[in-house]
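The opening residue of the sequence shown carries number 9 in the numbering used here; numbering runs sequentially from there.
Check the hints yourself; a few may be wrong.
[What the hints assert, rightly or not] Here are the simulated DMTMM-like pairs of lysine to aspartate or glutamate, each with C-alpha atoms no more than 20 Å apart in a straight line:
1) 222 / 210
2) 315 / 300
3) 184 / 261
4) 98 / 78
5) 222 / 248
6) 260 / 125
7) 184 / 210
8) 234 / 327
9) 315 / 327
10) 98 / 63
11) 260 / 351
12) 270 / 327
13) 256 / 180
14) 98 / 72
15) 270 / 180
16) 260 / 174
17) 315 / 351
18) 270 / 174
19) 234 / 210
20) 260 / 210
21) 222 / 351
22) 222 / 78
23) 270 / 200
24) 270 / 248
25) 184 / 174
26) 270 / 300
27) 234 / 180
28) 75 / 63
29) 270 / 340
30) 256 / 200
31) 256 / 240
32) 98 / 125
33) 98 / 117
[Said to hold, decoys possible] Listed next, with one range per pair, are the computed distances between beta-carbon atoms:
34) 78 / 331: 40 to 46 Å
35) 183 / 128: 46 to 52 Å
36) 186 / 326: 35 to 41 Å
37) 131 / 202: 31 to 37 Å
Simulated from the structure, these hints should not be mistaken for laboratory data.
Beta carbons are placed, not taken as given, at the ideal position from N, Cα and C, and that holds for glycine.
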Amino acid sequence: MTRSLIIAPQWIGDAVMSEPLMARLAARGETLTVAALPWVSPVYAAMPQVTRVIDLPFAHGRLDWAKRREVARGVRGQFDAAYVLPNSLKSALIPFLARIPRRVGYQGEGRVLLLNERLPNPGGRPPMVAFYSALAQGEGRGARSSSLAAAQGHGAGADIPRLHFDPQTQSDAASKVGLTPGQFFTFAPGAEYGPAKCWPADHYAELARSLHAKHGLPIALLGSGKEAELCDRISLMAPDACRVLAGKTSLKDAMALIAASKGLVSNDSGLMHVAAAFGLPQVAVFGSTSPEHTPPLNRRAQVIWLKDELGLECSPCFERTCRFGHTRCLVEVSPVRVEAALDGLLNAGVPAD
9 MTRSLIIAPQ WIGDAVMSEP LMARLAARGE TLTVAALPWV SPVYAAMPQV TRVIDLPFAH
69 GRLDWAKRRE VARGVRGQFD AAYVLPNSLK SALIPFLARI PRRVGYQGEG RVLLLNERLP
129 NPGGRPPMVA FYSALAQGEG RGARSSSLAA AQGHGAGADI PRLHFDPQTQ SDAASKVGLT
189 PGQFFTFAPG AEYGPAKCWP ADHYAELARS LHAKHGLPIA LLGSGKEAEL CDRISLMAPD
249 ACRVLAGKTS LKDAMALIAA SKGLVSNDSG LMHVAAAFGL PQVAVFGSTS PEHTPPLNRR
309 AQVIWLKDEL GLECSPCFER TCRFGHTRCL VEVSPVRVEA ALDGLLNAGV PAD
């Protein structure tokens, strides 16, 4: 049995989108250990294919050479193969320093000496699930060609990320914050990348008031501590409807709350992908980014993206802030429209995959 080490991406959404790769590798008999930064580790703990998760002691964006060398020494001799998901040079160091025999990843950033099985990087912004799944395509020149096709979206369309939490985990997370499974909505109004991805706070507040009036259910506002101020602003505009939990839960509990909720409304964010992987009814509002690159892969998801409707040639810009200062791609998505989309999903009775 092949013992494999996965070097994980550093963003929650990317971690979720790597699950189909885990499924492919496990299906062919590989035993999987994931090396991940602590803030994405809980995502891999929700993947049954993953046997072990190693928390990496690195700071975001830092080389931390001594720590990488120490981790490499600690895992030397334990693995037969390594799959390096990020494209950076530093992410390929541990498998190389650990002398793992087979080291798989995409070309780029001078990694020619660190990886001995290099796939051509398609460049641009391919569908991320396919991009990661292509790493499992196999060895040899022909396999590399098929991998590139998959990464460009022509070979892995059936790969749907899935996460798993048992009902007790969901119930425990809900009870910690005084909620009942299935009797609350979740909003994830933030986005780590920047405000050009964020639907306006007053729109979230208007939607919260309307959902609360219609269903009599609270709305849990989720996110990191960085998003607590944003969630506080939303709550001030809808005080009877909202529970601010941003920065007050672990990622594991936030994920469990999403899985236990009635539905999620969000921007293009990591928690959007978490909801999709649990098969939750969800509405995702896209602004500066593209659902062609990172869609919520979920038959119970509704994406709202105004690029074509408004004729926005600037979209997707992939910028942190709107260079024109208007963010029409987000401002003109009305709360009424989002609520109608969510109601449609709730009333359709479409089962999760």
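Now for the hints, and whether the structure bears them out:
In summary, the hint linking residue 222 to residue 210 is supported, as the alpha carbons are separated by about 18 Å, within the 20 Å threshold. Between the alpha carbons of residue 315 and residue 300 the distance comes to roughly 12 Å, so the proposed pair stays at or under 20 Å and holds. The hinted pair formed by residue 184 and residue 261 meets the criterion: a straight-line CA distance of about 9 Å does not exceed 20 Å. For the hint linking residue 98 to residue 78, the alpha-carbon distance of about 14 Å falls within 20 Å, and the restraint holds.
With a C-alpha separation of about 13 Å, the suggested pairing of residue 222 with residue 248 holds against the 20 Å cut-off. Distance restraint check for residue 260 and residue 125: the Cα-Cα separation of roughly 34 Å exceeds the 20 Å cut-off, and the hinted pair is therefore not satisfied. A distance of roughly 28 Å separates the Cα atoms of residue 184 and residue 210; the hinted pair therefore is violated under the 20 Å criterion. Of the supplied pair hints, the one linking residue 234 and residue 327 holds, its CA atoms being roughly 19 Å apart against a limit of 20 Å.
A hinted pair counts as satisfied when its Cα atoms are at most 20 Å apart, and residue 315 with residue 327 qualifies at roughly 15 Å. A distance of roughly 16 Å separates the Cα atoms of residue 98 and residue 63; the hinted pair therefore holds under the 20 Å criterion. Pair hint residue 260 plus residue 351 does not hold up; C-alpha atoms about 27 Å apart against a cutoff of 20 Å. A threshold of 20 Å between alpha carbons decides the hint, and for residue 270 with residue 327 the separation of about 32 Å lies outside it, so the pair is violated.
About 15 Å separates the Cα atoms of residue 256 and residue 180, which keeps this hinted pair within 20 Å; it holds. Proximity of residue 98 to residue 72 is assessed by CA-CA distance (about 9 Å); at most 20 Å being required, the pair is judged to hold. For a cut-off of 20 Å, the pair hint linking residue 270 to residue 180 stands: about 16 Å separates their Cα positions. For the hint linking residue 260 to residue 174, the alpha-carbon distance of about 12 Å falls within 20 Å, and the restraint holds.
Note on residue 315 and residue 351: the hinted pairing is violated, with a Cα-Cα distance of about 23 Å set against a maximum of 20 Å. Taking the CA atoms of residue 270 and residue 174, the gap is near 16 Å; set against the 20 Å cutoff, the hint holds. Restraint check for residue 234 and residue 210: satisfied, since their Cα atoms lie roughly 18 Å apart, inside the 20 Å limit. Taking the CA atoms of residue 260 and residue 210, the gap is about 28 Å. The hint is violated against a cut of 20 Å.
Our distance criterion of 20 Å between C-alpha atoms is met by residue 222 and residue 351, whose separation comes to about 11 Å. About 56 Å separates the Cα atoms of residue 222 and residue 78, which puts this hinted pair outside 20 Å; it is violated. With a C-alpha separation of about 24 Å, the suggested pair residue 270 and residue 200 falls outside the 20 Å cut-off, and the hint is violated. Of the pairs offered as hints, the one joining residue 270 and residue 248 holds, with about 18 Å between alpha carbons and a cut-off of 20 Å not exceeded.
Proximity of residue 184 to residue 174 is assessed by CA-CA distance (about 16 Å); at most 20 Å being required, the pair is judged to hold. With a C-alpha separation of about 26 Å, the suggested pair residue 270 and residue 300 falls outside the 20 Å cut-off, and the hint is violated. Straight-line distance between C-alpha atoms of residue 234 and residue 180 comes to about 25 Å, which puts the hinted pair past the 20 Å bound. With a CA separation close to 12 Å, the supplied pair residue 75 and residue 63 stays within the 20 Å bound.
A distance of roughly 26 Å separates the Cα atoms of residue 270 and residue 340; the hinted pair therefore is violated under the 20 Å criterion. A C-alpha spacing of about 17 Å is found between residue 256 and residue 200, which places the hinted pair at or below 20 Å, so the restraint holds. Proposed proximity of residue 256 and residue 240 is supported: the alpha carbons are some 12 Å apart, at most 20 Å. Of the pairs offered as hints, the one joining residue 98 and residue 125 holds, with about 17 Å between alpha carbons and a cut-off of 20 Å not exceeded.
Of the supplied pair hints, the one linking residue 98 and residue 117 holds, its CA atoms being roughly 9 Å apart against a limit of 20 Å. Checked against the given bound of 40 to 46 Å, the beta carbons of residue 78 and residue 331, roughly 43 Å apart, stay inside it. For residue 183 and residue 128, the Cβ-Cβ distance of about 50 Å falls inside the hinted range of 46 to 52 Å, so the restraint holds. A hinted range of 35 to 41 Å holds for the C-beta pair residue 186 and residue 326, which are about 39 Å apart.
In this structure the supplied range 31 to 37 Å is violated for residue 131 paired with residue 202, their Cβ-Cβ distance being about 23 Å.
Hint compliance for this structure: hints 6, 7, 11, 12, 17, 20, 22, 23, 26, 27, 29 and 37 are not met, and every other hint is.
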